[in-house]
Amino acid sequence: MTVVSSKKDASELTLTFVTEFDATPEDVWQVWSNPRLLEKWWGPYAYPATFVRHDFVVGGESRYFMTGPQGQIAPGWWCMESIEPPRRLAFANGVAGDDGEPRSDMPPMAASMTLEATSSGTRMTVVSRFISTEQMEKYLEMGMEEGMGQALTQIDALLAA
Amino acid sequence: MEVGPLIYNQMVVDTLSDDEVDRLFHALADATRRDILRRSVAGEQCVSALAGHYQMSFAAVQKHVAVLERASLVTKHKRGREQIVRAYEPTVQRARHLLEDIEELWRQRAARISEVLAQQKGTS
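Heads up: the sequence lines are chains A and B, in that order.
Counting the first sequence from 1 gives a position; the numbering used here is that position plus 26.
Counting the second sequence from 1 gives a position; the numbering used here is that position plus 6.
Simulated from the structure, these hints should not be mistaken for lab results.
Incorrect hints may have been included.
As the list claims (entries may be wrong) - Restraint ranges, calculated between C-beta atoms of paired labels, are given here:
#1 A/Ser31 to B/Arg76: 29 to 37 Å
#2 A/Arg62 to B/Ser63: 55 to 63 Å
#3 A/Arg62 to B/Ala55: 16 to 24 Å
#4 B/Lys84 to A/Val78: 54 to 62 Å
#5 A/Asp124 to B/Ser63: 19 to 27 Å
#6 B/Arg85 to A/Ser145: 37 to 45 Å
#7 B/Gly58 to A/Ala136: 30 to 38 Å
#8 A/Ser108 to B/Ala48: 29 to 37 Å
#9 B/Glu95 to A/Ser59: 35 to 43 Å
#10 B/Glu121 to A/Glu107: 25 to 33 Å
#11 A/Gly85 to B/Ser63: 35 to 43 Å
#12 B/Glu95 to A/Arg155: 41 to 49 Å
Unchecked claim - Some chain A residues flagged as far from chain B (calculated, every beta-carbon gap over 12 Å):
#13 Asp35
#14 Ala49
#15 Pro70
#16 Val78
#17 Arg79
#18 Cys105
#19 Glu110
#20 Gly126
By construction, the Cβ of each residue, glycine as well, lies at the ideal position given by its N, Cα and C atoms.
Full structure from sequences and hints, please.
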């Protein structure tokens with residue numbers, strides 16, 4: 027995995043993240059479409075995700091929850107807006123309430139993911155677009171611990187390498 | 007109306023009301039307003055100079071600035087006869103910091119996607 031570029035635009039509240047994988051676009055597509063593969067990477071290390079629903083069709087919805095180290099639950103949802111295998115996926119991603127259903131008071135973020143075949147594998151571009159700083163915070167709260175947790179997982183990854 | 011730090015704090019620290027969420031959503035949903043905000047982040051702008059960048063009336067540009075101001079994204083001050091627009095730094099700083107966290111989340115995710123792909127290769 028190589029991070030090609032990462033562009034943050036504070037005025038647009040947008041992150042564009044580009045990375046390359048040593049795999050075909052069809053294989054990379056699978057990690058998004060197959061919920062058993064998706065839940066292996068969607069949640070942060072300390073907050074594994076469980077997808078209880080993943081209707082991977084246009085207009086289809088997903089429900090998932092992430093479980094923290096002390097058993098805290100962070101539920102979220104997706105709604106698929108566009109699916110063009112194995113090239114492009116667009117979906118809304120939002121915060122769910124204790125009942126696991128979307129919270130009407132928290133508008134979702136917009137995410138799009140595109141895959142392009144390169145000479146050595148696949149380039150993946152993910153664009154995340156938020157509408158407010160509050161929304162970004164809520165998104166991060168869905169399973170993210172600040173500072174310390176991130177640093178520890180990075181050390182783990184280095185030791186494992 | 008001047009949007010001060012107190013109003014800002016109430017807005018982002020406490021849960022946003024539906025009205026506030028609507029204001030932010032509305033403010034950033036327009037390409038001209040996003041462009042005005044981008045220019046204001048780069049440095050303070052006077053409304054008359056901003057108006058020169060767009061194919062619309064001075065009054066229309068003023069309205070766009072007012073929408074950004076209500077969402078606490080910019081502040082407006084009078085200097086002589088000019089109206090000066092500045093990005094409201096706490097909102098913008100907060101956005102930058104949060105984007106860094108989200109970037110880190112994607113770095114972690116990309117590393118784990120690599121692991122998943124390597125496992126799939128091994129089992130197929």
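- CB of B/Arg85 to CB of A/Ser145, is that within 37 to 45 Å? 56 Å, violated
- Query: Does 29 to 37 Å hold as the CB distance between A/Ser31 and B/Arg76, or does it fail?
  - Reply: 34 Å, holds
- Message: Can you tell me whether the CB distance of B/Gly58 to A/Ala136 sits inside 30 to 38 Å?
- Response: 31 Å, holds
- Task: Starting from the hint 41 to 49 Å, judge whether the C-beta atoms of B/Glu95 and A/Arg155 obey it.
- Result: For B/Glu95 and A/Arg155 the Cβ distance comes to about 22 Å; the hint is violated.
- Indicate whether the distance between the beta carbons of B/Glu95 and A/Ser59 respects the range 35 to 43 Å. Check passed, 42 Å falls within 35 to 43 Å.
- Determine whether the non-interface label on A/Glu110 survives the test: each CB of chain B must be over 12 Å from its CB. 19 Å, holds
- Item | A/Glu107 and B/Glu121 - C-beta distance against the hinted 25 to 33 Å | For A/Glu107 against B/Glu121, whose Cβ atoms are near 28 Å apart, the range 25 to 33 Å holds.
- Message: Is 35 to 43 Å respected by the C-beta to C-beta distance linking A/Gly85 and B/Ser63?
- Response: Since the Cβ atoms of A/Gly85 and B/Ser63 sit about 41 Å apart, the hinted range of 35 to 43 Å holds.
- Given as non-interface: A/Val78, which should sit over 12 Å from chain B by C-beta: 19 Å, holds
- Far enough from chain B: is every CB of that chain over 12 Å from the CB of A/Arg79? 20 Å, holds
- Given a hinted range of 16 to 24 Å, is it respected by the beta-carbon distance of A/Arg62 and B/Ala55? Roughly 56 Å apart at Cβ, these two residues miss the hinted range, so it is violated.
- Task: Kindly confirm whether 19 to 27 Å is satisfied by the beta carbon distance between A/Asp124 and B/Ser63.
- Result: 49 Å, violated
Violated hints, in rising order: 3, 5, 6, 12, 13, 14 and 15; the structure is consistent with all others.
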